[in-house]
Amino acid sequence: MHKKNNFIKIFFFISFFLFLSAPLGHSVSENNDGSLSKSIMEIAIELKCLECEGQNVYESNSNFSQSIKAYIRKELTRGTDSRDIINDLHQKYGDEILMTPPVQTNTYVLWMLPFFLLSLGFFIFFYKLKK
Amino acid sequence: MIALTGNLLLSFALLSSIATLIFAKIPAINAHKKYKFACLFGIFQFLFILFSYFLLTYGFVVSDFSLVTVWQNSEIQKPLIYKITGVWGNHEGSMLLWLLILSICLFFIIKYDGKIPKRVQLNTIAIQTSIIFAFLLFILFTSNPFALQLPIPIDGVGLNTLLQDPGLIIHPPLLYIGYVGYSVLFSYSVAIMLENKLTDNWARWIEKWAYISWTALTLGICIGSWWAYYELGWGGWWFWDPVENASLLPWITGTALIHSLLNYKSTGQHRDWTLLLSILTFSFSLIGTFLVRSGILTSVHSFASDPQRGLWILIILSFFIFFSLFIFLRNLQKESEKKDFVFLRRGTFILINNYLLMVSVVVIFFGMMYPLLLEAITGDRITVGPKYFNIVIAPLVILIAILMPIGPNLSWKDNWTQFAVKRLMISFVITIFLIIAMQLVIYENADAFHLLLISLAVWIFIASIVDLLPRNLSEFRIEFSGLKRKNLPITGSRITHMAFGIMLFGIIYASAYSENKDLKMNLGDKIQIDKFELQYDGFGTHIGENYDDLQINFSLIKDDKKIANMTPAKRFFRKSGDITTEASIQKYYFDHMYITVGEVQEQFIYASVSYKPFVRFIWLGGFLMAFGVLFKTLFRSKIFGTTNA
Numbered sequence: 001m002h003k004k005n006n007f008i009k010i011f012f013f014i015s016f017f018l019f020l021s022a023p024l025g026h027s028v029s030e031n032n033d034g035s036l037s038k039s040i041m042e043i044a045i046e047l048k049c050l051e052c053e054g055q056n057v058y059e060s061n062s063n064f065s066q067s068i069k070a071y072i073r074k075e076l077t078r079g080t081d082s083r084d085i086i087n088d089l090h091q092k093y094g095d096e097i098l099m100t101p102p103v104q105t106n107t108y109v110l111w112m113l114p115f116f117l118l119s120l121g122f123f124i125f126f127y128k129l130k131k
Numbered sequence: 001m002i003a004l005t006g007n008l009l010l011s012f013a014l015l016s017s018i019a020t021l022i023f024a025k026i027p028a029i030n031a032h033k034k035y036k037f038a039c040l041f042g043i044f045q046f047l048f049i050l051f052s053y054f055l056l057t058y059g060f061v062v063s064d065f066s067l068v069t070v071w072q073n074s075e076i077q078k079p080l081i082y083k084i085t086g087v088w089g090n091h092e093g094s095m096l097l098w099l100l101i102l103s104i105c106l107f108f109i110i111k112y113d114g115k116i117p118k119r120v121q122l123n124t125i126a127i128q129t130s131i132i133f134a135f136l137l138f139i140l141f142t143s144n145p146f147a148l149q150l151p152i153p154i155d156g157v158g159l160n161t162l163l164q165d166p167g168l169i170i171h172p173p174l175l176y177i178g179y180v181g182y183s184v185l186f187s188y189s190v191a192i193m194l195e196n197k198l199t200d201n202w203a204r205w206i207e208k209w210a211y212i213s214w215t216a217l218t219l220g221i222c223i224g225s226w227w228a229y230y231e232l233g234w235g236g237w238w239f240w241d242p243v244e245n246a247s248l249l250p251w252i253t254g255t256a257l258i259h260s261l262l263n264y265k266s267t268g269q270h271r272d273w274t275l276l277l278s279i280l281t282f283s284f285s286l287i288g289t290f291l292v293r294s295g296i297l298t299s300v301h302s303f304a305s306d307p308q309r310g311l312w313i314l315i316i317l318s319f320f321i322f323f324s325l326f327i328f329l330r331n332l333q334k335e336s337e338k339k340d341f342v343f344l345r346r347g348t349f350i351l352i353n354n355y356l357l358m359v360s361v362v363v364i365f366f367g368m369m370y371p372l373l374l375e376a377i378t379g380d381r382i383t384v385g386p387k388y389f390n391i392v393i394a395p396l397v398i399l400i401a402i403l404m405p406i407g408p409n410l411s412w413k414d415n416w417t418q419f420a421v422k423r424l425m426i427s428f429v430i431t432i433f434l435i436i437a438m439q440l441v442i443y444e445n446a447d448a449f450h451l452l453l454i455s456l457a458v459w460i461f462i463a464s465i466v467d468l469l470p471r472n473l474s475e476f477r478i479e480f481s482g483l484k485r486k487n488l489p490i491t492g493s494r495i496t497h498m499a500f501g502i503m504l505f506g507i508i509y510a511s512a513y514s515e516n517k518d519l520k521m522n523l524g525d526k527i528q529i530d531k532f533e534l535q536y537d538g539f540g541t542h543i544g545e546n547y548d549d550l551q552i553n554f555s556l557i558k559d560d561k562k563i564a565n566m567t568p569a570k571r572f573f574r575k576s577g578d579i580t581t582e583a584s585i586q587k588y589y590f591d592h593m594y595i596t597v598g599e600v601q602e603q604f605i606y607a608s609v610s611y612k613p614f615v616r617f618i619w620l621g622g623f624l625m626a627f628g629v630l631f632k633t634l635f636r637s638k639i640f641g642t643t644n645a
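Just so you know, the protein sequences line up as chains E and H, in that order. FYI, this note's numbering numbers position 121 of the first sequence as 121, with every residue one higher than the one before it. FYI, this note's numbering numbers position 61 of the second sequence as 61, with every residue one higher than the one before it.
Derived by calculation from the structure, the hints in this document are not laboratory data. Any given hint could turn out to be false.
[Claimed, not checked] Straight-line distance between alpha carbons at most 27 Å, and here's what the computed BS3-like set of lysine-lysine pairs gives:
1. H:K197 with H:K78
2. E:K74 with H:K526
3. E:K131 with H:K413
4. H:K208 with H:K78
5. H:K387 with E:K92
6. E:K130 with H:K413
7. E:K92 with E:K69
8. H:K520 with H:K575
9. H:K558 with H:K531
10. H:K265 with E:K128
11. H:K520 with E:K74
12. H:K197 with H:K115
13. E:K69 with H:K570
14. H:K413 with E:K128
15. H:K520 with E:K69
16. H:K387 with E:K74
17. E:K69 with H:K526
18. H:K115 with H:K208
19. H:K197 with H:K33
Keep in mind that this is a model prediction, so the values were computed, not measured.
Using the sequences provided together with the hints, build the complete structure.
In structure tokens form, the structure reads like this:
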């Protein structure tokens, strides 16, 4: 039992340090030269190129992607929020354009399954352990 | 001429496979003769397929455009190495390579697995042959690489330009060795299931196949990922693309299989589950092939897809899956030995490992198929992209990473020992101090989630190394004087676990702390990225064998000193007129500076620049993982057999 106590002590000691050290890092400074383009990438990577096979708008050079990228650039320069830009495009082109499926009625199964399976595992595990 | 000979060779191979099946299953003649003839015709299959493969390669090398496949995928100007490897750069040729590896496996089963009981071996040969038979039919009827066309065109269409790359030389063969290697495990497993009274420890026979296939598949995936990283041009290394997923699924089940085999070998438990896993692994190889070649799932790996081929593969895969599952269910052994479920035991951890890995398989497969299912049922179209997979896989990886170092420290039979506790504690403390030190030295804007993930990667790495340390001083001496034979396979496993830690570290670090910039640069412009400066110096040209490069010159500067020239390029292929983007990658210790160029104008260029810290750990870890298992494979054999006193 002596060992176990030590274990707990050391665990808390270390966790304490872990929390202390978390904010130690300095934040990376943003250069203004690339900031606009960077958010184009961040938005374009979330959108699927509807003309291509399995590529997102950012990596593709199709007409569709070019026009979407131009649209994003235009909207960003006008100061539109990136979330609004995505919402507008979602409205226009439907769910398919979003690389990540939204959580809604027809995707509940998709989003829930992994967590269901994981909890099932936990349940079986503790049930067996108890027995 | 080549077309005719090729068709003949494939037909002979088909006849030989029929002969093998007949001899293996015919009851009339005596056992010895049966075995002899089945083996003989098995080797004939191998030879015929080998010759037909060489013939197709010859067709590519001499640019015989009377072959449709050669005409569509080659050209006279193409460099020789890509003529040879271009054989597998297309659907027909790659299926022939697939077939060739199937038959090489058959050859190895016949020639080198002689210690296995003859009945089991004969059944294995028969099952392997039936797989070869099915694929021979598939190739002859839907994807004949020796299809003839007249009149003969003067020049070929040319290889898909993205494929003219060193990646093509090595990536597909390795991947196929992995996929097809699992066919051997499949054949053995079905043969073992057929023998109900088998008491031998069969895990010993088949484990080397599990290791070799896994090694090849791991290397294949790594090289594929590296290829995509520098060729597709924006510095991603994993896209959750259907074709990548198709290779990841057998990789995960293959990993589960290796662990389950270890468990069976040591405790004799979970025989059925282990056999089922090896069936599943090959089934996923087939399913992957089906999904990709049929065009059901679209991907950047654009094979000329054809629904008819899809139908064929669907028939083949349903046959083998249902056949094996039928035999599996008929021969289920009711494991009567009492299984007391004790938490802190190695076997239990392997079960948890298997559960988590299988959940990831189900989740990835479901994510791949969900858009298809949804569209078929409701007509709604959605996209399931990389972010979904990252979100759902992350908790699984975290759990695996927490438990991964604990399992190997536990014993198969006894309970938790003081010793294991001590080791894990040491690893834990070292990990924590390393993380704190890292935080102090490398100033990064770490958020708690990424810090946790990085700590886990370090935890795996450290615990695997600590686990390799000998238990006491006398053992230490033995280990380093005579390389204690017993410990070598364990060393292999720990290297692999350690390498997984390295890979995980690279993945997390590079995704969390990469810096990307899309820029418009004028001549002489300098930009700051992380601790570097990058200067645009103008452009030049370079003439290649069948392409011309427009090279854009950059200088990479650190502390006012130029440390490298970087020359990303636009590559124009003369024949097809295609343009590809060639990234320029400069390594800096374990980091990469990655540049690709978009539009190039007289006055300015659009460039995309990324700084990716520790990104090289991803492939370093991957290759080391493969090395560890290869090491284990080599030293599990009889090399050190009786010589070590």
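These are the hints, each one checked on the structure:
no.: 1; hint: H:K197 with H:K78; in the structure: 57 Å, violated
no.: 2; hint: E:K74 with H:K526; in the structure: 26 Å, holds
no.: 3; hint: E:K131 with H:K413; in the structure: 19 Å, holds
no.: 4; hint: H:K208 with H:K78; in the structure: 39 Å, violated
no.: 5; hint: H:K387 with E:K92; in the structure: 22 Å, holds
no.: 6; hint: E:K130 with H:K413; in the structure: 20 Å, holds
no.: 7; hint: E:K92 with E:K69; in the structure: 15 Å, holds
no.: 8; hint: H:K520 with H:K575; in the structure: 31 Å, violated
no.: 9; hint: H:K558 with H:K531; in the structure: 7 Å, holds
no.: 10; hint: H:K265 with E:K128; in the structure: 23 Å, holds
no.: 11; hint: H:K520 with E:K74; in the structure: 16 Å, holds
no.: 12; hint: H:K197 with H:K115; in the structure: 18 Å, holds
no.: 13; hint: E:K69 with H:K570; in the structure: 21 Å, holds
no.: 14; hint: H:K413 with E:K128; in the structure: 18 Å, holds
no.: 15; hint: H:K520 with E:K69; in the structure: 15 Å, holds
no.: 16; hint: H:K387 with E:K74; in the structure: 26 Å, holds
no.: 17; hint: E:K69 with H:K526; in the structure: 25 Å, holds
no.: 18; hint: H:K115 with H:K208; in the structure: 14 Å, holds
no.: 19; hint: H:K197 with H:K33; in the structure: 24 Å, holds
In summary, the structure is inconsistent with hints 1, 4 and 8 from the numbered list given earlier, while agreeing with the others.
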